[in-house]
Amino acid sequence: MYAPVNAQFRDYLQLLLQHYPESWDFIRAMAPAGAWLLSNNSPIEKAVVEPRFFELLPTESEAAGGSLSQLFTPKSWGRLLNALSSEGPALLILQLQAQMQPLPFLQCAIRHLPPSPSCKGGTIIGFSQQPKGLFEPVKAPFPIVRGEKGAYTAIFSLEGGLLHYNRAFEARFLQSATDWKGAAGLLPGLKEACAAAAASANGKLETALSCRAVSGEAVWVQWSFELMQQEEGRAVVAGLGYEGPRPGPIYENYTALINSLSDALLTTDLHGRIIFAATGWERLSGYAQAAATGTYIGSFCHPSEKDAFHYFLAAIRRHTRPLRQEHQLRLANGNWAWVETQGTFDIQNGRIILSIRSVHDRKQAEQKLQEANLLLEKAQQQAKIGGWRLGLGHGEVIWTEEVYRIHEVGFDFKPDLSKGLLFYHPMNRAELAEALDKAQHQGASFDLTLRFKGLKQTPKWVRLTGEPEWEGGKIIAINGLIQDITREHNALLELKRHRAQLENITSNIPGVVLQIRFAADGSASMPYLSEGAERLWGYTSQQLSTLPMELEQVIHPEDRAPLRQSFLASAKDLSPWSFEWRIVNAKGHTCWLSGKGAPKPTADGGITWDSIVWDITHRKKAEEEAIKQAAMQRILMQMASEYINIPADQVKEAIQQSLREIGSFVGADRAYLFEYDFAHQTTSCIFEWCATKVSSEIANLQQIPFEGIEPIVAHHQRGESFVLENVAELSYPVMKNHLQLQGIKSLQTVPMLHNGECLGFVGFDYVQKSYSGNEHEQQLLLLFAQMVVNIRLRAQAQAQVEESQELLQKLTANVPGAIYQLDRAADGQYSLPFISAGIQSLTAYSPEQIQKDAYLAASIVHPKHLQRLASMVKSSALRLSPLETSFRSVQPDGSERWLYTIATPERSTDGTTSWFGIIQDITEQKKLEEVRKFAQQMEAKNKEMEQFTYVASHDLQEPLRTIRSFAGLLAQRYKGQLDENADQFLHFITDAAGRMSNLIKGLLEYSQIGQKKKREEVDLEEVLQSILADFSTLIQEEQATVLAHGRLPVLAGYRTELQGLMQNLLNNAIKFHRPGIPPIVEIQAYREEGQWVLSFKDNGIGIPADQQAKVFHLFQRLNPREAYEGTGIGLAHCQKIAELHGGRIWITSEEGKGSTFFVSLREAHGPTLY
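If you're matching positions, the sequence shown starts at 0 in numbering that gives the first Met the number 0 and goes up one per residue.
Watch out, some of these pointers could steer you wrong.
[What the hints assert, rightly or not] Simulated pairs of lysine to aspartate or glutamate, EDC-like, Cα-Cα distance not exceeding 16 Å:
hint	residue 1	residue 2
1	620	826
2	744	719
3	620	776
4	1070	1036
5	452	909
6	627	579
7	437	468
8	873	826
[As the list claims (entries may be wrong)] Simulated restraints on C-beta separations:
hint	residue 1	residue 2	range
9	366	285	19 to 29 Å
10	986	1015	44 to 54 Å
11	310	197	31 to 41 Å
12	677	1038	48 to 58 Å
13	439	309	22 to 32 Å
14	852	884	18 to 28 Å
15	890	1161	45 to 55 Å
16	719	473	48 to 58 Å
17	221	520	33 to 43 Å
18	456	975	23 to 33 Å
19	627	359	14 to 24 Å
20	432	884	48 to 58 Å
21	878	1015	52 to 62 Å
FYI, nobody ran anything at the bench for these hints, they're computed from the structure. The structure displayed is predicted, hence computed values, not measured ones. For every residue, glycine included, the Cβ atom is placed at its ideal position computed from N, Cα and C.
Using the sequences and the hints given, assemble the complete structure.
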């Protein structure tokens, strides 16, 4: 049923307007006529009818019984149903029932309505007695709807012919139905407008046309055209027009300015299809304006960004404020460019307005900055610097990745304060804890150099700094840095991670719109200038307009001619104008501007550019600063790589060269390096570089008193740089006079710091021009100053180490043979870090020659012995077993010698195997062995052992004592005055000499077992009690329990040897206990097969089954020296003592549960006594 319910129809229209603004055009078209709504999903009779529908129908229509289907003939009703099921709009001619005479034919328009495509609406266009009369260009009965004056409706052919019109159109533009002369006479431009509507993607066009009224005046009408299909398939254009004011100069200027903008302005429908494109679109993308019309704007986006842009358009429709998005745009030349799109929703007209500007240059600048930051991160990783944070609220500890690497732990390690302290040397933990406490409670920062061990027990030296973080007047956290400086000879300064970012140079760039006109005679003028000029030039628009040559006076002198030339080039072929230039604003500051414009000829032969100009000073400065920072970082990285391995004798030349490079880069006229002498309160210049035509001042800069330069010294002692941009403004007369005498206009200095102490400073003078401070440059100069400190300290330490090595050579010069340290790196390369002067008597090569080329030592080995010796060295490295062998050597003069070497291997955490040993000439012994028989060879070997014992006890022990004594003196006097490596070298010397002394002593004892001694009755119980008394302190410290089951026997043997046997076994049982578990040792004796068996059982760490046979070998160690001290000789002693007493020694053990050592001792000369 159709229901004349006006409120229901209005509610529906209001819903459409609120959620689907694109329905506005249709609703405007419906408003002047009767309207009705139908739904395909509901019975056709359920129609909502606008009340004016009945006003247009003859009064007889109410007799139709209230059903729409009863208003039309069956054939017309079928046409209506077909139109509802078809796509797109349609024009229909429907015939009313006979009772509707005298106007039985009705023309209406059908089209889909949002929000559902299943909903359609209809508008009554007119009535006629004949169906064809509705489409003829003659007057037809068509009532003027009340209250809709000025609303013109008409139907046109695609060629612009008038097919139908309403009474308002007729009254305004037609004197009679026959005076229509076509588009040329009445509506100029109508033909083109109809063709454009038919060619557009959505079949629509909005435009303003000048129409000739009946009164003869020209009337401007804003027309909305839409392509529609008639029932017979003929295409027509429906037009709806409203009278409006004539577009005047303001409108033309607005359109010209819109087209002159560098931004591309677009208008799209709600689905993103382009309706209008300004000329800026063609300049930006390269696509013609006409080609873009009707195209989905998202199709120009990068494939990876199309979905995001679709959601961006949807968001615009939901917001009243403008939205922005950056994305890539496909250009007509196939390239991609970064753009920023700003979108606004025009609710009134149901359109999306887009403004697109290029941000490609900014993106490239950001990429350069990102590359510079990546370079900085790599430099920080190479310097082995990590950051940490200790939160004071909950004790949360945060580490950067490099800190995890320094601690040798995985990234899944959960750091906390207590765990972190355990990585530091016990002697440094109290110092670190005190520094953390002062930082937390006093706000004191710290800079410490500490000993350190990672999870893999790698000894390290680290530099640890900390700085409290304040918030609300309270310290909430401590932030700091940690740097691994173990192998750093030049100790690169911490590279700060934070670098200033480039400012946003796109969205809020201040700009102005202006017209620039060049007359035919070459004179320039500025007809139009928008607001905002004062932001760019510092002058108001009125002031600029009164300048003699407009903006000519404020343009930088160097850019005036190029700027004018850019306009002439644009005028030559009418190409778009684009240029960047400098100005000097009203405050005297130099600024960068960028301008774009579109030229158009004028009637007087001149050319006018509709242009926009904006400030790009920030972008230019950011680009220059980024380029300068990257260049300076490359210079410092290059210097750092050169400083790493530079010889000490080249350090001065390197520093001089660095001052020249850095001074030139920062534009200084003079660069120099000063040392502070706090004892005498003076400072002196020790290095100086001067630019061309700048005089040297180094001779006048010696022993300068502190009282003349108090501000500089005060800043440096606080660890701060001192920058003076204008010497004339200095308030210290003495210092001011001193600087002005040197012609200095401005200066900057950065302190040279080491462990919190200021050693001097690096400075830069500006004589020919003034300097303006730069925070980023200051940070990089601080890094340079620290590099200079490190290279000078390394050179000093290297000189001291060389002196120490020279002294060590003198101390070992008289040792028979040669003492050496042989290193085999993880990659298989050999080196000799130390070898005494005695090597020259054995090989004819000096220690320096062999240290430079370790393979010279291998070159003297006889070819027949070389492979065997190499195999023994590899086996010793693999098993960490002692290396002991003799071999023939071929001297440079062709003579042969027999050499003997013995060495003990050790392996460091980096995989390097080091042998500490001695090599001697045994040529004479070998000659004797060759002439003796087998039996005599054994005797000779005993004598050789006695000789070796003598040498070990006298000739070797004495030089070693001398080495240890002098090394101890060096450590006592110079500890802490040298760098970490020198202290470490002295520790290596002392430790190696001590180990070698213990080895020699052990060998001596081993060789003297049982010699020149008599057997006697030995009470083993008495011996045990004596040992327990001697071990009482050790037992108490280790919380050990020693249990003796039964009384031990009395045997005939050697008292000293048996006591040594029991001491070694008891000491091992206590020493090799499991961490945290007190040792328990059980001792008992029992008789077995004519022998007494002693057993020593412990609950210690045990010995793996595959290593039990090795424990009695000489120099055999199964555990690292850091965990358990010893020489590896004790159990070999025990084995020899057991064999001396006619017995043997063996072991049963289970790893992790303990071991039992058994010793069988032979009964001799009758029964054993108790």
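Legend entry - CB-CB spacing for residue 1161 and residue 890 relative to the 45 to 55 Å hint: Once the Cβ atoms are compared, 51 Å apart, the range 45 to 55 Å for residue 1161 and residue 890 holds.
Inset, instruction - Using the Cβ atoms, figure out if residue 439 sits within 22 to 32 Å of residue 309. - result: violated (54 Å)
Legend entry - CB-CB spacing for residue 884 and residue 852 relative to the 18 to 28 Å hint: holds (22 Å)
Inset, instruction - State, for the Cβ atoms of residue 221 and residue 520, whether the hinted interval 33 to 43 Å holds or is violated. - result: Because 42 Å falls inside the window, the suggested range holds.
Legend entry - 16 Å limit on alpha-carbon distance, applied to hinted pair residue 452 and residue 909: holds (13 Å)
Inset, instruction - Could you check the hint for me, namely that residue 366 and residue 285 are 19 to 29 Å apart, CB to CB? - result: holds (23 Å)
Inset, instruction - Take the C-alpha atoms of residue 437 and residue 468, compute the straight-line distance between them, and say whether it is at most 16 Å. - result: holds (13 Å)
Inset, instruction - Starting from the hint 14 to 24 Å, judge whether the C-beta atoms of residue 627 and residue 359 obey it. - result: holds (22 Å)
Inset, instruction - Could you grab the alpha-carbon distance between residue 620 and residue 826 and see if it respects the 16 Å cut-off? - result: Status violated; Cα separation ~50 Å.
Inset, instruction - Mind checking the alpha carbons of residue 873 and residue 826 for me, to see if they're no more than 16 Å apart? - result: Roughly 13 Å separates the two Cα atoms, so the pair holds.
Inset, instruction - Verify the proposed pairing of residue 744 with residue 719, using a straight-line Cα cut of 16 Å. - result: violated (21 Å)
Inset, instruction - Could you tell me whether the CB distance from residue 986 to residue 1015 stays inside 44 to 54 Å? - result: Taking Cβ atoms as reference, residue 986 and residue 1015 lie about 45 Å apart, which means the hint holds.
Checked against the numbered hints given earlier, this structure breaks hints 1, 2, 6, 13, 16, 21; the rest are met.
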